[in-house]
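Trainee: Residue numbering for the sequence shown follows my numbering, beginning at -11 and increasing consecutively.
Hint data in this document are derived by calculation from the structure and do not stem from the laboratory.
Cβ coordinates follow ideal geometry from the N, Cα and C atoms, glycine included.
Don't take each hint at face value.
[To be verified] So the derived label-pair ranges between C-beta atoms look like this:
1) 252 <-> 167: 24 to 30 Å
2) 312 <-> 389: 26 to 32 Å
3) 297 <-> 191: 41 to 47 Å
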Amino acid sequence: MRFASRRRAPIGPVAALSVRARLDALRANRALQWACIVIAVNQLGFGIVVPVTPIYARSFGVTETAVGFVVAIYGLGRLLFNVPAGNAADRYGRRPTILVGTIVTSAGSLLCGLAEGFTQLLFFRLIGGIGAAIVITGVQTVVADIATRENRSRMMATYQAFFTFAVGVGPSVGGVVALWAGYRAPFFAFAGLALAAGVLAIAQLPESRPVARASGPAGPLAPSGATRALLVNVGFLTLSAITFVQFFNRTGGIFAVVPLAGVERIGIDPATMGLALTAASVCNIAFVGVAGSLADRHGRKAAIVPGCVVGAASFWGFSFATDYPLFVLSAILWGLSGAFLAASAAYTADLAPAGAVGLTMGVYRTLADLGYVIGPITLGYLAETMGSAASLSSAAWLSLLTMVPFLLFAPETGGTHGRARRA
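When you get a sec, could you build the whole thing from the sequences and use the hints?
Mentor: Spelled out as structure tokens, the structure:
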């Protein structure tokens, strides 16, 4: 099957920067449209449970450290199943894989809402994380399939905008649901939304897995061979280090240390904190299309490298913030950084061996989710022993240090330079 995205889209400045043009392009591409809808519905459910998960966990009479494990174990489930999910998508197809993921996600969330003890809650959160790995890897693989090198960053940016919007809106919905029906209710809502995402995927999302070809010199690599090819690729390794730090800083910094620093150092309340983080999401959505167009026209590095620099500036801002305006500015810089770093997924897809797009995205997400798990533990420990300023400054330095090898040694895969290399 040929998708509309295979035709090269215009990349003039007006078309690239116009929100209307991006929406028109989305409507013209059925596969991208439904991929974005499926991930938005699923991630809306994830966002709904974000604000209530720590409070719900505390209701079982556990410590703050134990509450942290409830967050980390979800990431562990993702970490363990990203690669198997990618293999399944390559072997059985994208749609069946996504459907299985939504069923597992729904079951995990439903069981979380029914948990009768903290140990049960931990186990059911692990199940939910496994489902998340399968869904996200599957949908991201669809977007990688239907894109070309010339429009891949823009398509990934569109996907990322829907993802970010849903996660950003979810907490507000979750707070209302919890206030109205209790702390268990958001998990039931997540279960229903995950099932709805699965139904949409199987009913509307076109299958994008390439038709298998006969084996030969140009045929697809076996999973083990594709994995080895990725793990000796300088571009993939240096890019994965950047993505590891991005997730490390997100869960350890933005989800854990930054809120505590805001409360303890500036004295802001949770509602005011939420406004700052909402500003970050709005900035991310506003600039993600611009960043995607930049990466398609001038190369992935043109977006990824500035994203690292802006991310470092964000964490330095958080580390020095003693008033609310600087705190909000730092949050906005974090959102801007995320918009530019969305090109990382496009760079990864550019490097995928033949017939191993799903596996490639799975390995990429595994290395990223390693940061998801380690970040809260490491930056939390630094904040406890050295203070929040030192912890957040460390996050800033990590952003810069991982950028340097990528800038110096990674080949360009997109834009004019990437096309020249392939010519």
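Trainee: Each hint needs a verdict: does it hold in this structure or not?
Mentor: Hints and how they fare:
In this structure the supplied range 24 to 30 Å holds for residue 252 paired with residue 167, their Cβ-Cβ distance being about 26 Å. The hinted window of 26 to 32 Å between residue 312 and residue 389 holds, with their beta carbons roughly 30 Å apart. One distance hint, 41 to 47 Å for the beta-carbon pair residue 297 and residue 191, holds here, with the actual separation near 43 Å.
Comparing the model with each earlier hint shows no violations; every hint is respected.
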